[in-house]
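Novice: If you want the building blocks of each chain, they are given just below.
Number of protein chains: 2
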Amino acid sequence: MTPISMHAASAPAFAKMLGNMLNWLEAAKAHAEAKKFSTDVYLTLRLAPDMLPLPKQIQIASDAAKGCMARLAGQSVPSYEDNEATLDELAERIRKTRDFVLSVPAEALVGSEGREITIPRRSGDPLKFDGADYLRHFALPNFYFHATTTYALLRHAGVPLGKLDYLGG
Amino acid sequence: MTPISMHAASAPAFAKMLGNMLNWLEAAKAHAEAKKFSTDVYLTLRLAPDMLPLPKQIQIASDAAKGCMARLAGQSVPSYEDNEATLDELAERIRKTRDFVLSVPAEALVGSEGREITIPRRSGDPLKFDGADYLRHFALPNFYFHATTTYALLRHAGVPLGKLDYLGG
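Note that the protein sequences, when read in sequence, are chains S and L. Residue 53 in UniProt numbering sits at position 53 of the first sequence; the count goes up by one each step and never skips. Residue 76 in UniProt numbering sits at position 76 of the second sequence; the count goes up by one each step and never skips.
Just so you know, the hints here were simulated from the structure itself, not pulled from any lab data. Please note that a few of the clues may not be correct.
Since the list can't tell identical chains apart, any single copy or any two copies may satisfy a pair.
With a Cα cut of at most 30 Å, we get these calculated DSSO-like pairs of lysine-lysine [as the list claims (entries may be wrong)]:
1) Lys-128 with Lys-163
2) Lys-35 with Lys-128
3) Lys-36 with Lys-128
4) Lys-163 with Lys-36
5) Lys-16 with Lys-29
6) Lys-16 with Lys-35
7) Lys-56 with Lys-96
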């Protein structure tokens, strides 16, 4: 089997996409300015009435990234207040998340593919995974779900973005 | 560094999410039956006028998965006709893709983290990656983009799905 490290399969992916998300928010600001509407309009966008609005999508993407890095490293997950009320504050949340992701030393993830990971749930038993399953079946798909939904909400609002903005240059 | 194999970081992730997608299409069929509309209605859904409709989202998710496995294994990418015209045919496309993903032997991916991967583009120079960057910065995020967009289109159409259907049980 060819080895890549658990760190190489996680941190660079989160960090790059979080950087892409910052670029989408810049494009959203420029679009609002050009069309003369307040960036606050973005904050209530939802894809369906029973899906979460834009700020929650960004907060959960952040939670997925910081939760994954902390849990794989056996650290406690940094707690953020989820009180971002503007597009600029959401960008700051993304930056803070990226800084945390990049702060976790690669060495801290040694052995993490076999580490037991427990995710509490609002109802029902907690989810349990080994580190490899947690990364490939929970943390990464969940992170990309909320990143993609953020992108979709901005596209829906007319922000001129394309697939290469999603993937990053 | 803790090693996980390139195969362990790719094939199980694609195979599981493709299986989840089959469950979403089953739920979409049941929803159409309950509400007495044709499943063909789903085939023209788009999140924005200049985003691709549901069949294309599924076809590109399929392309991302089969392309990744084939390229990392140094095989030619299986070519599918992109002629699916019903929800059942799209489900068959997903099954065929999953079968292919699971058919690539893990041993074929040994060394693939350093393999040079070239992705032709409709315009401009081809994209070039080593295998590790291709997997974490292109193939997986692109696959999850189209899986999530498929999910979002079905949610938009009222199909009763939740995050656990996205992630799979």
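Novice: Give a verdict on every hint.
Specialist: Hints, one by one, checked against the model:
For the identical chains of this complex, Lys-128 and Lys-163 are inter-copy neighbours only, at 17 Å across copies versus 34 Å inside a copy, given an alpha-carbon limit of 30 Å. Taking identical chains as interchangeable, the C-alpha atoms of Lys-35 and Lys-128 are never at most 30 Å apart, the minima being 47 Å within one chain and 37 Å between chains. When the C-alpha separation of Lys-36 and Lys-128 is checked against a cutoff of 30 Å, the pair qualifies neither within a copy, at 48 Å, nor between copies, at 39 Å. Within a single copy, Lys-163 and Lys-36 get their C-alpha atoms as close as 25 Å, which meets the 30 Å cut-off; across copies the closest is 35 Å, which misses it.
In this assembly of identical chains, Lys-16 and Lys-29 lie within 30 Å of each other by CA distance solely inside one copy; the values are 20 Å within and 37 Å between copies. For a Cα distance limit of 30 Å, the shortest separation of Lys-16 from Lys-35 inside one copy, 29 Å, qualifies, whereas the shortest one across copies, 42 Å, does not. Taking the shortest Cα distances, Lys-56 and Lys-96 sit within 30 Å of each other inside one copy (16 Å), while across copies they are farther apart (36 Å).
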